[in-house]
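Colleague: Each chain, letter by letter, is given below.
Number of protein chains: 2
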Amino acid sequence: MSDAEFAHIDDEECRRFQVSAELAGRKWNAAILLAGARGARRFSEYRALVSGISDRMLTARIKELEAEGLIARDVQPTTPVSIAYELTASGRQLISLLHPLVNWSKARAERTELR
Amino acid sequence: MSDAEFAHIDDEECRRFQVSAELAGRKWNAAILLAGARGARRFSEYRALVSGISDRMLTARIKELEAEGLIARDVQPTTPVSIAYELTASGRQLISLLHPLVNWSKARAERTELR
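One line per chain: the protein sequences are A and B, in this order.
Here UniProt numbering is used: the first residue of the first sequence is 1, the next is one more, and so on.
Here UniProt numbering is used: the first residue of the second sequence is 1, the next is one more, and so on.
Wrong hints could be hidden among the right ones.
The list treats identical chains as interchangeable, and a pair is accepted whether it falls inside one copy or across any two copies.
As the list claims (entries may be wrong) - Computed list of lysine to any residue pairs in SDA-like fashion (alpha-carbon distance at most 25 Å, straight line):
1) K106 - A7
2) K27 - D10
3) K106 - E22
4) K106 - P80
5) K106 - M57
6) K63 - E113
7) K63 - A84
8) K27 - E5
9) K106 - D74
10) K63 - R111
11) K27 - Q76
12) K106 - S44
By construction, these hints were calculated from the structure, which means they are not laboratory data.
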């Protein structure tokens with residue numbers, strides 16, 4: 001795709017694009033959304049799939065992603081209560097449109113190894 | 001696209017995906033790459049298209065994006081010397097695959113306004 005695809009973008013769209021890219025790119029957010037897309041639902045499952053994150057950070061980021069409408073919290077009336085965190089439609093769309101980054105990163109890593 | 005697209009992703013790919021998302025999402029990076037895609041070449045053109053960024057921050061981020069191989073610096077032997085900053089192929093690919101964020105952000109803004 002050439003620059004032409006960006007020619008029509010106005011400053012307001014640029015600002016919103018920047019806000020969204022910085023939301024997705026905020027430390028740990030993409031990894032948490034990816035974990036949700038890979039099937040994580042429980043807190044422990046997110047922690048297992050997002051290597052290196054602390055409980056405190058995971059708790060904070062899940063709250064932020066909830067506030068942004070990208071993750072939904074579902075409290076199940078078991079004893080004790082159990083809580084599941086699932087990507088919302090918006091969260092799923094975001095991680096889905098970031099999927100091409102998987103291949104971009106791979107190609108980039110291979111180029112770096114060739115140097 | 002369903003979760004199936006993410007089922008095959010292994011932990012190493014996850015880690016690289018996270019690094020790339022956090023590179024793209026680092027404050028100002030996406031806006032600078034977008035400015036380059038919108039035709040910015042001179043420092044002043046980037047500053048004009050990336051509203052709110054300081055000269056000091058723009059200088060630092062352009063250096064980082066150069067080090068990451070996403071922007072290339074071209075020194076032209078005019079008097080005085082003039083410097084152009086252009087997206088590399090890798091930089092162009094990255095901003096191109098982030099393009100869908102423009103529409104995602106727009107739909108998200110519209111949903112937020114309806115609330």
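Colleague: Could you run down the list of hints and mark each one as holding or not?
Modeller: Hint check:
Taking CA atoms no more than 25 Å apart as the test, K106 paired with A7 passes between copies only; the shortest distance there is 17 Å, against 29 Å inside one copy. Taking CA atoms no more than 25 Å apart as the test, K27 paired with D10 passes between copies only; the shortest distance there is 20 Å, against 28 Å inside one copy. In this homomeric assembly, K106 and E22 come within 25 Å of each other (Cα to Cα) both inside a single copy, at 22 Å, and across copies, at 15 Å. Taking the closest pair of Cα atoms, K106 and P80 never come within 25 Å of each other, the shortest separation being 42 Å inside a single copy and 41 Å across copies.
Proximity of K106 to M57 under the C-alpha cut-off of 25 Å is found in neither arrangement, the shortest distances being 27 Å within a copy and 29 Å between copies. In the homo-oligomer, the alpha carbons of K63 and E113 lie at most 25 Å apart only across protomers (22 Å), although the nearest pairing inside one protomer, at 38 Å, exceeds that limit. Taking the shortest Cα distances, K63 and A84 sit within 25 Å of each other inside one copy (13 Å), while across copies they are farther apart (42 Å). Taking identical chains as interchangeable, the C-alpha atoms of K27 and E5 lie at most 25 Å apart only when they sit on different chains, with a minimum of 23 Å there against 28 Å within one chain.
For a Cα distance limit of 25 Å, the shortest separation of K106 from D74 qualifies neither inside one copy, at 35 Å, nor across copies, at 27 Å. For the identical chains of this complex, K63 and R111 are inter-copy neighbours only, at 20 Å across copies versus 37 Å inside a copy, given an alpha-carbon limit of 25 Å. Taking the shortest alpha-carbon separations for K27 and Q76, neither the intra-copy value of 29 Å nor the inter-copy value of 37 Å comes in at or below 25 Å. Taking the shortest alpha-carbon separations for K106 and S44, neither the intra-copy value of 28 Å nor the inter-copy value of 34 Å comes in at or below 25 Å.
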